[in-house]
Amino acid sequence: MSLKSAKAEYAIQSIKTANVLSSPCTNPLQISSPKSKSNGKNTENSHLLDPNRFQYHVRHQCRSGTINLKQAQEYFHQLIQTKPIPLIDTFNHLFTSLSKLKCHHVVFSMYRKLNCREIKLDMYTLNILINCCCQMREINYGFGVFGEIMKRGFEPDLVTVSTLLRGLCLDGNVFTAVKVFDKMTEKRFQSNESICGILINGLCKIREIDFAIKLHRRMISEANMITYTVIIHALCKDGSVDEAIKMFFEMIGKGICPDVVVYGSLINGLCGSNRLKEAVDFFDEMVGRGISADLVTYNSLIRGFCQMGFWKEATRIFDRMLEQGISPDVVTFTILIDCLCKTGKVGKAREVFDLMIRQGKEPDLFTYNSLLSGLCLEGQLNDAEKLFKFIVDRGLQVNVFSYNVMIHGYCKSWKIDEAINLYQKMLRKGLKPNTITYNTLIAGLGEAGKVRTAKKLFHEMPTVGLSPILSTYIVMLNGLCKNGHIEEAMDLFTSLESSKYEPNVEVYSVLIEGMCRVGKLEEARKKFNEISENGLVPDVVTYNIMINGLCKKGMSIEADELLVQMEEKGCIPDSISFSTIIQGFLRENDINRAMQLLEKMRKRKFSPNQAVTSMLLHLVLVDARFHAALESLPSVLHERR
1 MSLKSAKAEY AIQSIKTANV LSSPCTNPLQ ISSPKSKSNG KNTENSHLLD
51 PNRFQYHVRH QCRSGTINLK QAQEYFHQLI QTKPIPLIDT FNHLFTSLSK
101 LKCHHVVFSM YRKLNCREIK LDMYTLNILI NCCCQMREIN YGFGVFGEIM
151 KRGFEPDLVT VSTLLRGLCL DGNVFTAVKV FDKMTEKRFQ SNESICGILI
201 NGLCKIREID FAIKLHRRMI SEANMITYTV IIHALCKDGS VDEAIKMFFE
251 MIGKGICPDV VVYGSLINGL CGSNRLKEAV DFFDEMVGRG ISADLVTYNS
301 LIRGFCQMGF WKEATRIFDR MLEQGISPDV VTFTILIDCL CKTGKVGKAR
351 EVFDLMIRQG KEPDLFTYNS LLSGLCLEGQ LNDAEKLFKF IVDRGLQVNV
401 FSYNVMIHGY CKSWKIDEAI NLYQKMLRKG LKPNTITYNT LIAGLGEAGK
451 VRTAKKLFHE MPTVGLSPIL STYIVMLNGL CKNGHIEEAM DLFTSLESSK
501 YEPNVEVYSV LIEGMCRVGK LEEARKKFNE ISENGLVPDV VTYNIMINGL
551 CKKGMSIEAD ELLVQMEEKG CIPDSISFST IIQGFLREND INRAMQLLEK
601 MRKRKFSPNQ AVTSMLLHLV LVDARFHAAL ESLPSVLHER R
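Numbering (full-length UniProt numbering), first residue to last: 1 to 641.
Worth flagging that the hints you see were computed from the coordinates, not collected in a lab.
Beta carbons are placed, not taken as given, at the ideal position from N, Cα and C, and that holds for glycine.
Hints are not guaranteed to be accurate.
[As the list claims (entries may be wrong)] Calculated pairs, BS3-like style, for lysine-lysine (alpha carbon to alpha carbon, straight line, at most 30 Å):
no.: 1; residue 1: 500; residue 2: 432
no.: 2; residue 1: 482; residue 2: 455
no.: 3; residue 1: 569; residue 2: 603
no.: 4; residue 1: 246; residue 2: 277
no.: 5; residue 1: 600; residue 2: 552
no.: 6; residue 1: 237; residue 2: 277
no.: 7; residue 1: 205; residue 2: 102
no.: 8; residue 1: 500; residue 2: 455
no.: 9; residue 1: 277; residue 2: 348
no.: 10; residue 1: 520; residue 2: 569
no.: 11; residue 1: 526; residue 2: 553
no.: 12; residue 1: 455; residue 2: 520
no.: 13; residue 1: 83; residue 2: 100
no.: 14; residue 1: 151; residue 2: 120
no.: 15; residue 1: 603; residue 2: 552
[Claimed, not checked] Here are the in silico distance ranges between beta carbons for each label pair:
no.: 16; residue 1: 287; residue 2: 100; range: 32 to 42 Å
no.: 17; residue 1: 390; residue 2: 347; range: 16 to 26 Å
no.: 18; residue 1: 505; residue 2: 329; range: 43 to 53 Å
no.: 19; residue 1: 395; residue 2: 308; range: 27 to 37 Å
no.: 20; residue 1: 154; residue 2: 259; range: 34 to 44 Å
no.: 21; residue 1: 399; residue 2: 65; range: 32 to 42 Å
no.: 22; residue 1: 609; residue 2: 390; range: 42 to 52 Å
Please put together the full structure from these sequences, using the hints given.
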């Protein structure tokens, strides 16, 4: 899109025709000021001061930053009663203070009263009014004030233009802002780096980064640290890290020294793209330039390593951060605790948590949930229960994630009744379960053999506004198959086919395994062949299930043929594939084929499983003839001894 293609008719028209507010005594927002309550005693004993001293007092109070809305209204009431009327400068001080208090509508109300008293306004007053309009997202009225500026014969300054452009960008009219800028440039208006920064920042916020870069190139004389920082940050956020690095070096080439914010953006972008080595290189370069890393930069690095599961490196960066005297915040602690818990280092996570408490940082629910999840994953259910109770006792609003973690912990520890009780407690508290809640419970109930309850929950989902998703069908199918309810599993498979979901390889694998388990090998074969017919590709798990089913039926030769077919179709067998067939051959006393397959296994540097190893050792004990054959496979068998 061209820099001059944005539609800005109302804005451009304001510049061309210098529209004015409809009436000097009419507030365009139709907001009147609250009536000041006066009991004859003026603020700060100001009735004791003469007019000049009173004006000085008002300006001093405004500059001090201690003034509040009520005081400002009382001061204004006194000022407009003063004879002669004070200079506009005192009112400007009041308006500025009220703007900082975000009382923009009050400023407009006061402006209306000043206009009715024909008090002479200056550019400073009108710029404040434009800023108020922009902050209230009333950009049309801002251009109305701009028209008033032109009517009064004032020359719009950089503050006027930058405020209007910022207002357009705040209102989402970034392209309008660009077109207004273009029109002003045509009138030989001299921009500056502030205006450049406003437009580029606006474009980057709406992800028009290419447009922002074009504008940057066009306004290169005004480009500065701010514009480069904004573009580099936007490029990194958008995932265009290489482009950001180019801008970084361009910036250095122009003699602009990057600061910690620029380096932080690059480091965060590189970490988000899993380019950790480059992120560390930039970090080291930054430190080498004498720029101290801040909390944000350390958090980016720690998060990057944690996302990759590199807990040792993340911990080292955390320790370095402490050595540099930078205090971690809740985000830092939570990132590290979460990573340690997910990588099974719950003990270390507890140490970090203890440090967090000692440093006076208040853990939030995310922190507690991370630790809770780690305890459950490691089977430390008693400690998880204590922590869960502690969270509730602290008054934190435990969320669905917290309940899901505990429910999963109970299911994993075979405490299915406790899981159901917690689910029911969750419902009583008005918390709505999600799909993860139901998937976890249905899987746990299936493992515990409580198929009826699992089916009840499955069919209960629509009553709470949820529909089973593909993963829900899979856990339900698995529960039915593991407990021998193969006919019901077939019915559920049929209902899945008629739903909005299509069966995937995992669904077929679960059903085929269930069929093999109950001896329905022919039905399993049909389903296996159906996978390819439906345009899907069986994976190594599916092949292993079918191979196991054939071997259990004494059809190890067919299983071996399937192994060959598997490789021909590009699916690489694993050690389970070989071990299963070898075990089948050994059970059928087909020692030669077993030894041939064992040799293939050796060449691929696979090791047989424990069952195969035990059978082979037994063969050696009962028949010494096999000893020589086994001796030829030292790397396969001897390492298992």
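Review point. Is the hinted pair residue 246 and residue 277 satisfied, with a Cα-Cα distance of at most 30 Å?
Key: holds (18 Å)
**Study point:** Holds or violated: residue 603 to residue 552, with C-alpha atoms at most 30 Å apart
**Key:** Measuring from Cα to Cα gives roughly 26 Å; hence the hint holds.
Point to revise | Straight-line alpha-carbon gap residue 151 to residue 120, limit 30 Å | key: holds (13 Å)
**Study point:** Given hint residue 553 paired with residue 526 - CA-CA distance at most 30 Å
**Key:** Roughly 16 Å between the alpha carbons, so the hint for residue 526 and residue 553 holds.
Review point. Within 30 Å, alpha carbon to alpha carbon, are residue 455 and residue 520?
Key: holds (23 Å)
Point to revise | Given hint residue 552 paired with residue 600 - CA-CA distance at most 30 Å | key: OK: residue 600 and residue 552 at ~22 Å, within 30 Å.
Practice item. For the pair supplied as a hint, residue 500 and residue 455, confirm whether the alpha-carbon distance does not exceed 30 Å. Key: Status holds; Cα separation ~20 Å.
Exercise for review: Sort out whether residue 277 lies within 30 Å of residue 237, counting only the CA atoms.
Suggested key: This hinted pair holds, its Cα atoms lying about 19 Å apart.
Check your understanding: Falls inside 42 to 52 Å, the C-beta gap from residue 609 to residue 390?
Key -> holds (44 Å)
Review point. Regarding the pair residue 569 and residue 603, is the alpha-carbon distance no greater than 30 Å?
Key: The hint holds at about 21 Å.
**Study point:** Pairwise beta carbon distance, residue 154 to residue 259, judged against the given window 34 to 44 Å
**Key:** Since the Cβ atoms of residue 154 and residue 259 sit about 37 Å apart, the hinted range of 34 to 44 Å holds.
Review point. Per the hint of 43 to 53 Å, is the separation of the Cβ atoms of residue 505 and residue 329 within bounds?
Key: holds (44 Å)
In summary, this structure violates none of the numbered hints.
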